[in-house]
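Based on the sequences and whatever the hints tell you, model everything.
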Amino acid sequence: MTAISLKDIRKSYGSLEVISSIDLDIERGEFVVFVGPSGCGKSTLLRMIAGLEGINSGDLMIGDVRANDVPPSQRGIAMVFQSYALYPHMDVHDNLAFSLKIAHVDKAEIDRRVRLAAEMLQLEPYLKRRPRQLSGGQRQRVAIGRAIVREAEVFLFDEPLSNLDAALRVATRIEIARLKERLPDTTMIYVTHDQIEAMTLADRIVVLNGGRIEQVGRPVELYDSPRNVFVAGFIGSPAMNFLPVDLVFEGDVARIERSGKPLALVRFAAGGRTGCERGTLGIRPEHMRIGTAEQALISGPVDLVEHLGEVTIAYLRLSDDISVTVKFERTRDLKKGEVLHLTADPADLHAFDQSGLALARPGGVEASA
Amino acid sequence: METVQTSRLFFRRKPVSVDALAPSHRGEARTAFVFLLPWLLGLIFLTTLPMAGSFVLSFSHYDLLSPPQWIGLENYERLLAHDPRYLKSLEVTTTYVLVSVPLSIAMALVIAVALSQQTPTANLFRGIFYLPSLLGGSVAVGVLWRQIFGGNGLVNMMLGGLGFQTTSWIGDPRYALWILIILHIWQFGAPMVIFLAGVRQIPKEIVDASIMDGASPVQRFFRITLPLLSPLILFNLVMQTINAFQAFVPAFVISDGTGGPIDSTLFYTLYLYVEGFRNFRMGYAMAMAWVLLAIIAVFTAISFYASRFWVHYES
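In the order they appear, the protein sequences are chains A and B. Following our numbering, the numbering of the first sequence begins with 1 at its first residue and continues without gaps. Following our numbering, the numbering of the second sequence begins with 1 at its first residue and continues without gaps.
Rather than coming from a laboratory, the hints here were simulated on the basis of the structure. Errors might be hidden in some of the hints.
Covered stretches of chain A (in silico footprint by chain B; criterion: 3 or more residues with CB under 8 Å from a CB of chain B, positions within the stretch not fixed) [said to hold, decoys possible]: (1) 72–81; (2) 87–93; (3) 97–111.
The C-beta atom is built at its ideal place from N, Cα and C for all residues, glycine as well.
Next up, the structure:
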């Protein structure tokens, strides 16, 4: 059952269009994450769903109801803000109970719901404390608790972990994942620019860019089969390497040539196209391995090495002034200036045509490069 | 916390004479002293010594022409027990403070919230509403006010035109004080600017959260905006009260310096002026000044004590 449906949603500020024709269906109980670079419109879209921003055109359906003009508090939606947005003059109990008091809910019922949320989020010892007496993590839990007591069908999270330090961010992320397990019927929409949050929490990820949806899919789907150069570059850390190549279309299959040299055994579907055009070859840093000079897809000197313990990241500057990032497991003893010959499994290669769209694979990979 | 600790350390330190400092610091300290000297001289000769002198003279009979005569607590005794005009001035001033201060603060708050919205005309209206505060304390506005509310003033012209019976608002003891109260409320610009800054400091996400929680604009004002502005309300309350207790010019201009009609606008400071500079009872006037200082100090202390029950500080 669809919980929220966006149909041709648009938003402009004067002549500046910030959301352009968004179509998206979100199922009941689904955890959907909006990701994208700063200014891509993800928070604006979330605020439009919440009712805090108006919709210029299109339909926002919540259940079967067109909710474009429904006041925020009547949409059955609760929101968790980046800065927690707790009321500083109220204690934790009153922060949690505020919406219920406004709605004139019976006092006993308010107490029951507040206790339940406090128990769920381990906030019981802090109910009489003011927000300023809480740590960042505790404040964020109160902000989540405020959403829980409302028993809303949809939770919106607007970068809820951005203000937390790295360790607390991991802990709170796990708490949110547990919360989702405890509230399986609650639909959650989560905005972040952090890929790890998106990949670990989402049932589906919506990648936004310039107010448009670039791709919607399961996290692994986006990682393995990005629809275009933008998604390929945005999903994955460190980002995918891109190399300029020539694409030779031969009707059924497309071959790849780099600097006039064909890359043997690497084939993509040409979709009936013929001819030749400039394109892009994409290789994830973690998919590259050291090979021989004869096998090499890429050869170049090491410019910088980062030892992170679990992985080693090397930055290569290629002769044609293109930088390539390589990620090795564990520690590698690499020296600056050392020439590496890198290769990759053809199944892990991505090709994009001149317009940046990904080329499909021709029903499987032929052989190793 | 760090500042408190630093200041505690600072106050615990023994005073160090300039000679005990290293030569490089010695020159710096002397330069600082030279720069501070004008202010220090002003503080000593224009504030501290006159205040101390007035305190001593408040126990004397002093008419500016002959040497002061020590009369002990007689001035204070007369003030509190034998001077009905003094008690009347106290009553007029207290009424003025208790009515005009809360109303001007309420007015400032409501207008500030209304003008906090970013609209194309918001800045224009902010300027217009602030204008009376720039002019309000001046003699010119007192004269203007007299013309507006006098027997042949603008208000009566309008009321007469509408067929209502007219009266001299400033000549009638039932209304004269209320005209001064309206004048004070009209000067809400200064607290309004402070509230305006406060309203714009309230994080947008807190307002958004209250909207999501279902609070109506009125509920948001009383449950969110008002508590978050409470430190500024306290500040404005104290400052406005101190100013109102010391109000002088409006009553002086409107009543021609008499406090009339029938002492209905006899403000405390106006009576102090009459006693000191017309009746040349300087000792008595100084006693009045010290009692006023005590009244303001007590009020301020009560305000700060009571603030713990209604003022919410962020940290």
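Chain B over the segment 72–81 of chain A, status - at least 3 residues with CB closer than 8 Å: holds (count 7)
Given coverage of the segment 97–111 of chain A by chain B, checked by CB-CB distance under 8 Å (3 or more): Holds: 4 residues of the segment 97–111 of chain A have a Cβ under 8 Å from chain B.
Check of the segment 87–93 of chain A against chain B for coverage (Cβ-Cβ below 8 Å, three residues minimum): holds (count 3)
In terms of the numbered hints stated before, the structure departs from none.
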